[in-house]
Amino acid sequence: MSLSAHDKELIGKVWTKISPKAAQIGGDALGRLIVVFPQTKIYFSHFADLSPSSPQIKAHGAKVLGAIGEAVSGIDNVSASLSKLSELHAYNLRVDPVNFKLLAHTLLVSLSATLGAEFTPEIHLAWDKFLAIVAAVLSEKYR
Amino acid sequence: MVHWTDAEREAINTFWAKIDHEEVGHQALTRVLVVYPWTQRYFSTFGNLSNATAIAGNPKVRAHGKRVLDALGDAITHLDNVNATYAKLSQLHSEKLHVDPENFRLLGETLIIVLAGHFGAAFTPAIQATWQKFLAVVIAALSKQYH
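Respectively, the protein sequence lines represent chains A and B. Using this note's numbering, you'd call the opening residue of the first sequence number 490 and step up by one each time. Using this note's numbering, you'd call the opening residue of the second sequence number 367 and step up by one each time.
If you're looking for bench data, these hints aren't it; they were derived computationally from the structure. All C-beta atoms, glycine included, are put in the ideal place defined by N, C-alpha and C. Misleading hints may appear alongside valid ones.
To be verified - Think about it this way: if two alpha-carbon atoms lie no more than 25 Å apart in a straight line, the pair counts; the simulated SDA-like pairs of lysine to any residue are: (1) A:K618 x B:R407; (2) A:K502 x B:T419; (3) A:K590 x B:R471; (4) B:K426 x B:I505.
What the hints assert, rightly or not - Among the chain B residues that face chain A by a calculated CB cut under 7 Å, a handful are: (5) A418; (6) G474; (7) E475; (8) G486.
Stated by the list, open to error - What follows is a list of derived Cβ distance ranges for each label pair: (9) A:G563 x B:G486: 40 to 48 Å; (10) B:W382 x A:P527: 41 to 49 Å; (11) A:S562 x B:T371: 42 to 50 Å; (12) A:G563 x B:W404: 43 to 51 Å; (13) A:S542 x B:A383: 42 to 50 Å; (14) A:K552 x B:Q457: 24 to 32 Å; (15) A:S540 x B:N417: 38 to 46 Å; (16) A:M490 x B:T371: 34 to 42 Å; (17) A:S572 x B:G486: 47 to 55 Å; (18) A:S540 x B:W404: 21 to 29 Å; (19) B:N417 x A:P509: 30 to 38 Å; (20) B:A429 x A:S572: 46 to 54 Å; (21) A:K502 x B:A488: 21 to 29 Å.
Construct the entire structure; sequences and hints are all you get.
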């Protein structure tokens, strides 16, 4: 699976549009993750507040979206753009890769909630592919 | 038997009442066919599915989307016995249609995304969780008669 020129264009356009709200969208996506898939809370057991309105959850969500933004900037080589994060997840965090799919889903939900009809099927497709690539890159050094 | 809290029943029924079956069904099925193009294998009699525009404009896709949402309505009316309600549908999908149950999951995820698009922030994390639970029950019921 790879991104076509058209996919990259759509991904870039959406990013430009949402980047002023990236922190909020990230916080929303992570908040949805811990509510819809409560087992994911184990990775945040050091957070005092594990509700979706938790400032720690919102801050961490913002961080995640920031990293996604870096992947968008370096979309022609996501592996290189996210190399450090890839190592972090492999050797330190060791988040089970199944969770990347869960977060990709809640991120698509947040994007859809934010963009409404502008989140067209083609844009949905491009972002679904892109997030799958990000997930693959994050787990590529696991073994 | 699945246990539903009052809040869950409320979340399901309240949102269901606001959903336009045809429109939401159409959008969900269109998205599945665009985002996961291999699912088109189940709709070879539907005519033109060659690109996103063709799929969105295809009257058979629209009609089938509505049919799927109407069937979801049956499950909502029988929340306390979805398995029995879907026994025949499950058999149909297994023995006649030969649909890989993975597709139920894809449609479920897509429907959640469509609902989020329609309701925005009103589709809160808690309401999303309830709807994902409901769709998991639907998917289990649809997969139950497979052998």
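Against the earlier hints, flag every one the structure doesn't satisfy and list their numbers going up.
6, 9, 10, 12, 13, 14, 17 and 18
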